[in-house]
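Protein chains: 2
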Amino acid sequence: MARIEKVLIGQSGGPTAVINASLAGAVRSARALGAPVLGMAHGIEGLLHDEVVDLDVAVPDDRSLDVLRSTPGSYLGSCRYKLPSPEEAPAVYDALLGTLDRLGVGVVAYIGGNDSMDTIDKLGRYGEAAGSAIRFMGVPKTIDNDLVAQDHTPGYGSAAKFVATCVSELACDASVYPVKSVLVVETMGRDVGWLGAASSLAWTAGSRGPDIVLVPEAPVSLDAFLDKVSNLLAVQDFVMVAVSEGARGLDGQPLYAEEGAREDAFGHAASQAGVGGFLARLVSERLGCKARGVELSTLQRCAAHVVSGRDREEAEALGALAVRVGLEGRSRGMSCLARVSDLPYEVRLGVTDVSAVANEVRQLPGSWIANDGMGVTAEFERYARPLVEGTDTCRWVDGVPWHLRTPFGETVAL
Amino acid sequence: MARIEKVLIGQSGGPTAVINASLAGAVRSARALGAPVLGMAHGIEGLLHDEVVDLDVAVPDDRSLDVLRSTPGSYLGSCRYKLPSPEEAPAVYDALLGTLDRLGVGVVAYIGGNDSMDTIDKLGRYGEAAGSAIRFMGVPKTIDNDLVAQDHTPGYGSAAKFVATCVSELACDASVYPVKSVLVVETMGRDVGWLGAASSLAWTAGSRGPDIVLVPEAPVSLDAFLDKVSNLLAVQDFVMVAVSEGARGLDGQPLYAEEGAREDAFGHAASQAGVGGFLARLVSERLGCKARGVELSTLQRCAAHVVSGRDREEAEALGALAVRVGLEGRSRGMSCLARVSDLPYEVRLGVTDVSAVANEVRQLPGSWIANDGMGVTAEFERYARPLVEGTDTCRWVDGVPWHLRTPFGETVAL
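Chains as they are written, first to last, in UniProt numbering: chain U, 1 to 414; chain S, 1 to 414.
The shape of chain U in the complex, shown without the other chains (with noise of 0.2 angstroms):
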């Protein structure tokens, strides 16, 4: 009789709000395919302690996937944890496979960024020299939209919606009063600048974008900046600024650390306040207006509540195709998304090779950020305005959120 392999899910990084509805697909698929479902608690540095959760008792009908599509956090939950390399410590690779032939483990699918996949690139190659059988696959999943080798991520459509909703309705909001003031924005994106630029799709004929958007991948001066809202406040009594967390200033530094900000208290403070909160200070100190800052925080990966729709179809396919070929004998590759066409919004469900795609970052193209470093142009908004579309929630109880609950506690006796 043939044995039955089992699939194990794990996720690991930081959420997004639609990280589970990959582990719901991959869980669906598993089970179409009459496979077993088990997952990592915390990721690979969980297994290394042996403690996986049995899926098919934590989430064991439609009824309990279609509440894990939509809960946000990472369900299973996450790790930090960098696998060393083979040569550096070869008794942790054969620790987890021996594990994982203990738990008679046939694929590995491993929900994550770029780290994570070289996490599976590490693990599959050292199993396939090792004579394992064992398939290792990736899923991507990262709000920044930063992993090569695909049209875009998982988790970034539904943060890019939250981020251009949360500015259209901030806009509404800041702008009531029948004076000059400025509202700075701050967006997640440490080095990249795509949660940033999408605060640019809030600009449509029935709402209100960002009159200058800043990313990391154009360094301005604070002077060019200042001149920029000096002249919109000269023309008009409202002006809103979106900025990207890692924005930068000419020399490369963070931008509140120009011209010597960050010696001084007020430097001190702007690294405390963040970017948003140090520009809007800066304007009101130097330009005399109200101005305030508003960080839309941890929200742009968790608001379950409001996600693209597209997004979320988009997570469970990838996740359900990366378990399919999995099962099917491939190893070693990452489900993901080519674009075919923009409008209509076509895209082809593939696989690449994880190593094309680890430890890699994309940034935002130079050619789609405006001459003068402070906006992206209509090319951006032709790739991103599809992703955002669709408007999907979560399920309600008692008016707020339900969510399916962590399985921790429940692990499976090894």
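Think of the hints as simulated: they come from the structure by calculation, not from any bench.
Glycine included, every Cβ here is placed at the ideal spot set by N, Cα and C.
Check the hints yourself; a few may be wrong.
[As the list claims (entries may be wrong)] Footprint (simulated), chain S over chain U, 3 or more residues, beta carbon under 8 angstroms:
#, region
1, 78-90
2, 173-184
3, 199-207
4, 299-309
[As the list claims (entries may be wrong)] Simulated crosslink set (EDC-like; lysine to aspartate or glutamate; CA at most 20 angstroms straight-line):
#, chain 1, residue 1, chain 2, residue 2
5, S, 180, U, 398
6, U, 82, U, 50
7, U, 180, S, 51
Based on these hints, arrange chain S on the given structure of chain U.
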């Protein structure tokens, strides 16, 4: 031929996510009774400068009223103008009444908080003494829920729902790593704890709320707070704290000012970062665990993409009622809600005297605060749960909210 009286509507103070639902209700009510409808641009302050909008042009039909209903911010703009007393400045009153007469206004409906009700009261009394037939009516709005003489205020339910929703999502997001950690979520509420308390509504069978709730009505010592956090961390990995921006120490000062912290750089940075950031840093330094602060920001009052359906309906009904009773002859009244029963939820719409509301502040009842001053009781939930029930959203176009643009620049020639 009897002169057709016009209705003039204004909005004042900080916006709410449903303040324009009250405006839409007021417009519909006037139209149903055959009255032309005008709007003050930027409240009473705009009226002093003859800034009046023809709402029958700007919002001509049900289609535009439906968009208005889910547009955040104050569609008519707002002001923070404090009307002087009639003794100080009778000329201001004479000017306002003269403008209203010239416009042919029979009813003024002013949507605002307790300051606005004071404005309505003063104008109404002055007009009556001067023999004017113009009626002045108030429509309540405030996310703070601090108006007396009524069960609750439109705007609160939606802000409370947003707070509880975000708290439940942030709890999922912030608890994914297997480490001891504390999340401090800061809500609005400088003088009252209604919004801070609303965070507790995140506790349901399917979602997780805060372990500690700090409100301005219950001053605490930082030592007692740290003790409680420390005790919780001894038995669980993740601790969540919700704090009203105006939470106070035992000396009645802002919490971050307690124990002399205000005097040093730490205290200074704290006042920049807000009480949430301050408490997170304090926990991190004193208890040596990971801690993060999240400020929910002005999104609490403008996130029209997710509101309490009940709140939006009540806001609309109260706008409509004020105009109707004004056209019937009532003056110096404010439409309001009285609770008939909690379960099933039932309210009665009525009209109270604005003088009962003006300048008063309603705090969270002491009996609804836990004995240790760091939580709320089941009585609070019984009161507040019905206010967040029902979920309504906005109109979505191109993946982002579609709002009605403010009508400024189209003011009426006087």
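> Can you list which hints this structure breaks, lowest number first?
Replying inline: 5
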